[in-house]
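Let the sequences and hints guide you as you build the complete structure.
Number of protein chains: 2
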Amino acid sequence: MVAPGNWEMEKGMPPSRPAHLLHDVPLPAAAVFEAPLTHNLAWMQRFAEGHGAKLAPHGKTTMAPALFRRQLEAGAWGITLATAVQTVTAHAHGVDRVLMANQLVGRPNMTLVADAIEAGLEYYCVVDGVDNVRDLGAFFADRELTLNVLIELGVDGGRCGCRNAAQVDALVAEIARQPALALVGIEGYEGMIAGGDEAAAVRAYGERLVETVRTLQASDVLQREAPIVTASGSKWFDLIAETFDRAELREHYTPVLRPGCYVVHDHKLYAGAMEAIKARDPGLEGELRPALEVFAHVQSLPEPGLAIIALGKRDIGHEPDLPLPLRRYPREAGGTVSVDVSGWRTTHIMDQHAFLEIPEHADIAVGDVLAFGTSHPCLTFDKWRRVLCVDEALAVKEVMTTHF
Amino acid sequence: MVAPGNWEMEKGMPPSRPAHLLHDVPLPAAAVFEAPLTHNLAWMQRFAEGHGAKLAPHGKTTMAPALFRRQLEAGAWGITLATAVQTVTAHAHGVDRVLMANQLVGRPNMTLVADAIEAGLEYYCVVDGVDNVRDLGAFFADRELTLNVLIELGVDGGRCGCRNAAQVDALVAEIARQPALALVGIEGYEGMIAGGDEAAAVRAYGERLVETVRTLQASDVLQREAPIVTASGSKWFDLIAETFDRAELREHYTPVLRPGCYVVHDHKLYAGAMEAIKARDPGLEGELRPALEVFAHVQSLPEPGLAIIALGKRDIGHEPDLPLPLRRYPREAGGTVSVDVSGWRTTHIMDQHAFLEIPEHADIAVGDVLAFGTSHPCLTFDKWRRVLCVDEALAVKEVMTTHF
Numbered sequence: 001m002v003a004p005g006n007w008e009m010e011k012g013m014p015p016s017r018p019a020h021l022l023h024d025v026p027l028p029a030a031a032v033f034e035a036p037l038t039h040n041l042a043w044m045q046r047f048a049e050g051h052g053a054k055l056a057p058h059g060k061t062t063m064a065p066a067l068f069r070r071q072l073e074a075g076a077w078g079i080t081l082a083t084a085v086q087t088v089t090a091h092a093h094g095v096d097r098v099l100m101a102n103q104l105v106g107r108p109n110m111t112l113v114a115d116a117i118e119a120g121l122e123y124y125c126v127v128d129g130v131d132n133v134r135d136l137g138a139f140f141a142d143r144e145l146t147l148n149v150l151i152e153l154g155v156d157g158g159r160c161g162c163r164n165a166a167q168v169d170a171l172v173a174e175i176a177r178q179p180a181l182a183l184v185g186i187e188g189y190e191g192m193i194a195g196g197d198e199a200a201a202v203r204a205y206g207e208r209l210v211e212t213v214r215t216l217q218a219s220d221v222l223q224r225e226a227p228i229v230t231a232s233g234s235k236w237f238d239l240i241a242e243t244f245d246r247a248e249l250r251e252h253y254t255p256v257l258r259p260g261c262y263v264v265h266d267h268k269l270y271a272g273a274m275e276a277i278k279a280r281d282p283g284l285e286g287e288l289r290p291a292l293e294v295f296a297h298v299q300s301l302p303e304p305g306l307a308i309i310a311l312g313k314r315d316i317g318h319e320p321d322l323p324l325p326l327r328r329y330p331r332e333a334g335g336t337v338s339v340d341v342s343g344w345r346t347t348h349i350m351d352q353h354a355f356l357e358i359p360e361h362a363d364i365a366v367g368d369v370l371a372f373g374t375s376h377p378c379l380t381f382d383k384w385r386r387v388l389c390v391d392e393a394l395a396v397k398e399v400m401t402t403h404f
Numbered sequence: 405m406v407a408p409g410n411w412e413m414e415k416g417m418p419p420s421r422p423a424h425l426l427h428d429v430p431l432p433a434a435a436v437f438e439a440p441l442t443h444n445l446a447w448m449q450r451f452a453e454g455h456g457a458k459l460a461p462h463g464k465t466t467m468a469p470a471l472f473r474r475q476l477e478a479g480a481w482g483i484t485l486a487t488a489v490q491t492v493t494a495h496a497h498g499v500d501r502v503l504m505a506n507q508l509v510g511r512p513n514m515t516l517v518a519d520a521i522e523a524g525l526e527y528y529c530v531v532d533g534v535d536n537v538r539d540l541g542a543f544f545a546d547r548e549l550t551l552n553v554l555i556e557l558g559v560d561g562g563r564c565g566c567r568n569a570a571q572v573d574a575l576v577a578e579i580a581r582q583p584a585l586a587l588v589g590i591e592g593y594e595g596m597i598a599g600g601d602e603a604a605a606v607r608a609y610g611e612r613l614v615e616t617v618r619t620l621q622a623s624d625v626l627q628r629e630a631p632i633v634t635a636s637g638s639k640w641f642d643l644i645a646e647t648f649d650r651a652e653l654r655e656h657y658t659p660v661l662r663p664g665c666y667v668v669h670d671h672k673l674y675a676g677a678m679e680a681i682k683a684r685d686p687g688l689e690g691e692l693r694p695a696l697e698v699f700a701h702v703q704s705l706p707e708p709g710l711a712i713i714a715l716g717k718r719d720i721g722h723e724p725d726l727p728l729p730l731r732r733y734p735r736e737a738g739g740t741v742s743v744d745v746s747g748w749r750t751t752h753i754m755d756q757h758a759f760l761e762i763p764e765h766a767d768i769a770v771g772d773v774l775a776f777g778t779s780h781p782c783l784t785f786d787k788w789r790r791v792l793c794v795d796e797a798l799a800v801k802e803v804m805t806t807h808f
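Line order of the protein sequences matches chains A and B. Under the numbering used here, the first sequence has 176 at position 176, and the numbering climbs by one with no breaks. Under the numbering used here, the second sequence has 663 at position 259, and the numbering climbs by one with no breaks.
Hints listed in this document are in silico derivations from the structure and should not be mistaken for laboratory results. Be careful, since some hints might not be right.
[Stated by the list, open to error] To give an idea of the interface, some chain B residues facing chain A are shown, with a C-beta separation under 10 Å as derived from the structure: (1) VAL429; (2) GLY562; (3) CYS564; (4) THR658; (5) PRO706; (6) GLU723; (7) MET754; (8) PHE759; (9) ILE762.
Cβ atoms here follow ideal geometry from the backbone N, Cα and C, with glycine treated the same way.
Laid out in structure tokens, this is it:
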């Protein structure tokens, strides 16, 4: 068996350019609308700056270097990432400052990061355990490099991070014994807080981060002119920003916000979070807009009231909500007209198929295209190696590669 | 911003060869053990042949051309796929016969398939609607190509496929009006049958496929010497095979089985299905063995009884069951020793983290590696662009690319 050539088709990829999403691209395909994307980039940058904070968008959401570039061009301080491989991938695509909001574990991962630091990457990771601090200290001393670390604060029953001051003190002491490590600040993630008055708990957590960094600063153990204080996912970034701002961190510290999903927002989970943010601050100017949709064909109409869509778990996120039907593009209209179908409902999804409950006499045909929104964009991006940036007329403006 | 070079790291990829999974590869990484893989390839081929059936393994499980090649070398008749892009990807990697167990919808998808047929691909797709038949007939007539189609039979409340004989008759009549279409058989998928005596319903469904193809053959509407009759996912392949065998299809028809998950099997869902198959046939020789595992580091031990693993929804399937901890490789042993941890339990998974409930005084350290099994392999393969084929000592024998 010999492959007929080097030509390689990938799903969601236009076979040629210029391309129109509905005329040229084999569906299903994932599309990012350029107008709301551009709006979101500017909106969040302005929000962070308005609160005296730097923005380091979480890049794990999209893993799309073309979006990292737009985020940095919009003014982002750096890109947040979750793993060593994500870090070196971003660096290979021109990102010069990475905040890895995770522990760096395992020799091969440390080697990747050390090589990137040697090649000029400004890099930060978090620590929450003495053993890991010793490992990192020994490894980076061997490599004759300095590793910037932030102590992670966690919450009881949460994910990683120190639960109390005694754990922080033990870490500070161990870091001080490791000449290769530079303690440069404090990191947290408020997204693990659940139950009770969550907003109050998020504010209190933000204040704990502030108090901890001030205590460390007073102890003279921080090796950075303006130590970093960072938190915030995509749900509570307003409360973290306000807490940092009220504490006037901007003067002597580097407060950093790390939302990721804002870049394309969504149609349900973060749409709801945005409503809550607006309710907390009625004076807030503007808001994030959904930019990510997945387009797929009606594949079969086997029974009244049921449409099978050529769209599955391989193509779109299905947690916490199943894909949300938005618009139908009738096949006979050639993609020039669309009809609102937001009243329809996805009832089930398999690897390659979605089940749509539709009105019994719905105007729908096999070959029609449906546009779907998502609830939580992270688990849609990772289904695609190519995401199409489109304009409002569905012309493909840019093919964005992802690197999961 | 200029990327420093063409070098590109991907997750799960060894930085050099030869490589050892635990010493050289940045974890997490997905591994296929070669011994059970080779065993499974032979076992299923022998099973199909023993029942007088051809094997067209469902390739959507892995989308790994290296595994397609092994399946074909083991004797498979062709590869089953789910979409046009999967089809042309397989063809570009040397697969010459594809059974697309799905409807072909949309001009760009039809174009991909037509180009592949022109380039020599032997291709079959399924139809279940008159409109789609007309579209295909017109498109392939324009291209001056013949398209082989199978009529799909479905079940009430199921997915695609004709629900009754009247729908089949309407399709047969429409296909007869389309000179570009060749009706060559019948297709079904018994995996949608649920509730009641499922085994009996699967047998009855298999018999319905047999009766339908015989009726069509008697009507002289099938344009293939030995018409195709095909069904079977990975759960009920034994009952479909027996039903086809008992009907003595092998003499005048081409019975085709299409299991996909068998190639690497799993540690729970299909392990359970295998137990049921053995119970239905106590004389069955041998059985499938789990071959796919994902390896990841212990990242944090923030509280007694809780380990955070650097492994998330981006790395491993979590449906219908969360990842199954199998073995722990203590860091100080350098990967040479492993300890059974199958009593531990994953309690939660996020995009990049898994939460493990462990005994309060468990022997575990940050930097230890855990091997996890899965329940349903399809949604683990699609998390990886590279899957490592390893031997029992965890030496990397082959890097297998996937093409989702």
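Now for the hints, and whether the structure bears them out:
no.: 1; hint: VAL429; result: holds, 6 Å
no.: 2; hint: GLY562; result: holds, 8 Å
no.: 3; hint: CYS564; result: holds, 4 Å
no.: 4; hint: THR658; result: violated, 22 Å
no.: 5; hint: PRO706; result: holds, 6 Å
no.: 6; hint: GLU723; result: holds, 8 Å
no.: 7; hint: MET754; result: holds, 8 Å
no.: 8; hint: PHE759; result: holds, 7 Å
no.: 9; hint: ILE762; result: violated, 15 Å
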